[in-house]
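*Asks:* The chain contents come next:
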Amino acid sequence: MTQSEFINIVTPFKDKVFRLAKRLLVSTEEAEDATQEVLIKLWKNKKKIKEYNNIEAFSMTMTKNFCFDKLKSKQAQNLKIVHSNYQDHNVALQKQVELNDSLDWIGKIMEDLPEQQKMVVQLRDIEQYDFKEIAKMLDMNETAVRVTLSRARKTIREKLTKTHNYGVK
Amino acid sequence: MLNNIEHLLEKYENGETSLKEEAQLKNYFSQETVAPHLEMYKPMFQYFIVNKKEQFTKDISLLEVNATKKKFNFKWLSIAAVAVLMLSIFVFNPTQSQEDLITEADRADYENAKAALALVSQHLNKATAQVSYLKVINTAGTQVDYLKEINDPMGRIFNNN
Numbered sequence: 001m002t003q004s005e006f007i008n009i010v011t012p013f014k015d016k017v018f019r020l021a022k023r024l025l026v027s028t029e030e031a032e033d034a035t036q037e038v039l040i041k042l043w044k045n046k047k048k049i050k051e052y053n054n055i056e057a058f059s060m061t062m063t064k065n066f067c068f069d070k071l072k073s074k075q076a077q078n079l080k081i082v083h084s085n086y087q088d089h090n091v092a093l094q095k096q097v098e099l100n101d102s103l104d105w106i107g108k109i110m111e112d113l114p115e116q117q118k119m120v121v122q123l124r125d126i127e128q129y130d131f132k133e134i135a136k137m138l139d140m141n142e143t144a145v146r147v148t149l150s151r152a153r154k155t156i157r158e159k160l161t162k163t164h165n166y167g168v169k
Numbered sequence: 001m002l003n004n005i006e007h008l009l010e011k012y013e014n015g016e017t018s019l020k021e022e023a024q025l026k027n028y029f030s031q032e033t034v035a036p037h038l039e040m041y042k043p044m045f046q047y048f049i050v051n052k053k054e055q056f057t058k059d060i061s062l063l064e065v066n067a068t069k070k071k072f073n074f075k076w077l078s079i080a081a082v083a084v085l086m087l088s089i090f091v092f093n094p095t096q097s098q099e100d101l102i103t104e105a106d107r108a109d110y111e112n113a114k115a116a117l118a119l120v121s122q123h124l125n126k127a128t129a130q131v132s133y134l135k136v137i138n139t140a141g142t143q144v145d146y147l148k149e150i151n152d153p154m155g156r157i158f159n160n161n
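These protein sequence lines are chains A and B, in that order.
Heads up: the first sequence begins at 1 in our numbering, then just goes up one per residue.
Heads up: the second sequence begins at 1 in our numbering, then just goes up one per residue.
Since the hints were derived computationally from the structure, they do not count as laboratory data.
Only a predicted model underlies this, so the values are computations on that prediction, with no experimental measurement involved.
Think of the CB as a built atom: it goes at the ideal place given N, C-alpha and C, for glycine as much as any other residue.
Among the clues, some could well be false.
With a Cα cut of at most 30 Å, we get these calculated DSSO-like pairs of lysine-lysine [as the list claims (entries may be wrong)]:
(1) B:58 - A:70
(2) A:159 - B:52
(3) B:53 - A:44
(4) B:11 - A:136
(5) A:118 - B:11
(6) A:70 - A:118
(7) B:58 - A:108
(8) A:48 - A:72
(9) A:47 - B:75
(10) A:46 - B:53
(11) A:48 - B:58
(12) A:72 - A:118
(13) B:52 - A:74
(14) A:154 - A:118
(15) A:136 - A:44
(16) A:118 - B:52
(17) B:58 - A:74
(18) A:159 - B:53
Derived CB-CB ranges, DEER-like [unchecked claim]:
(19) A:3 - B:3: 53 to 61 Å
(20) B:54 - A:9: 18 to 26 Å
(21) B:27 - A:75: 36 to 44 Å
(22) A:75 - B:83: 36 to 44 Å
Could you put the whole structure together from the sequences, leaning on the hints where they help?
*Replies:* In C-alpha cells form, the structure reads like this:
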C-alpha cells in the first residue's frame, strides 16, 4: 500500500478521530498530536488493515484508548490545572452569564461530563453513528450506550434549564 | 408540529430517538425562532452541528514512522553490542589462553625452578634451626632480671622487717 492510498482510506474519518481526541483531551494541540499518533499507528499496521472489516470503528477505538492513556499519564504527573482554584467566584458567575447564550457554555457543560458520557455524546449527537457502531467502538453493549447517552443528555438539559432560568431572572 | 417536537425531545432524553428523528430535532432547532419554552435547547443542537464541522487541518505526516523505526533499530543495536561484548569476553578469556600457551619447554623450566627453590628453602630451614639456640639469650636475660633488686636495697630491708 502506498502512502497516497493510505491517505485516501484515512481521509474520510481523520476529522472524526481528531474531534473525539479533542473531546477527551480538550486542548487542540494535544488532539492534533493524538490524531497524528493514531494515524501513524495505523500506517505501521497497514498490512493488517485489510483484515479489519471496519477501519473507521477500529480507529475510533484506538483513539479512545490512546486518549485514555494520555489522560492517565497526565493524572499521574499531576499536571492537571484546575481553573476554579484561582478564579474569583464572582468573576466565574459573571462569565457564566456571558456564556449563557453562546455555544461555549455547552462546551463547558460537556467538559464536566464523565469520560464515557462525553464519548457517547460525541459519537452520537455530533458524529451521528448508530448505536451498534458506538457499542463496537467503545466495547459496550447497546443498552449500556443508550443508558449512558440518556444520562448525559439529561445532565446537559438540567444544566441548561438552570442557566436559562437564571438568565430569565 | 410543536407537539411532535416535545414528544421527540422526551424520547431524545431517554436515548430512544433514531438518527432520523435526531436530524429532525436539529433541523427544528436551527430555525431562527423556536417555541420560547424550548429556547434553551437551541444552543445545544447548534453546538452539535457546529462541532461536526471542525477539521483536522494539519498535514498527515507519515515520516515519523521512519523516526520511530530508527529508534527501534537503535535499541536492537545496543542489545547486539552487549551480546558481542559478552561473547568476546568468553572467546578471548585470558586465563584460558594462557593455559593454551604453556609449552613443554616452559613446563621443564617450571620444574627446574621449583626444584631450585625447594633446595634453597631446605637450606634456609637448616640455617634457622641452627640460629634457634639464640632463644637461650632471652632466658639468660630473665635470669639476670633479679639484679634490678640490688637497686632497691631499702625495699628488701623493709620487706625483712
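*Asks:* For every hint, state whether the structure bears it out.
*Replies:* Verification of the supplied hints:
no.	hint	in the structure
1	B:58 - A:70	holds, 20 Å
2	A:159 - B:52	holds, 22 Å
3	B:53 - A:44	holds, 28 Å
4	B:11 - A:136	holds, 23 Å
5	A:118 - B:11	holds, 20 Å
6	A:70 - A:118	holds, 16 Å
7	B:58 - A:108	holds, 25 Å
8	A:48 - A:72	holds, 28 Å
9	A:47 - B:75	holds, 24 Å
10	A:46 - B:53	holds, 28 Å
11	A:48 - B:58	holds, 25 Å
12	A:72 - A:118	holds, 16 Å
13	B:52 - A:74	holds, 27 Å
14	A:154 - A:118	holds, 13 Å
15	A:136 - A:44	holds, 23 Å
16	A:118 - B:52	holds, 14 Å
17	B:58 - A:74	holds, 24 Å
18	A:159 - B:53	holds, 25 Å
19	A:3 - B:3: 53 to 61 Å	holds, 54 Å
20	B:54 - A:9: 18 to 26 Å	holds, 21 Å
21	B:27 - A:75: 36 to 44 Å	holds, 40 Å
22	A:75 - B:83: 36 to 44 Å	holds, 39 Å
Hint compliance for this structure: no hint is broken.
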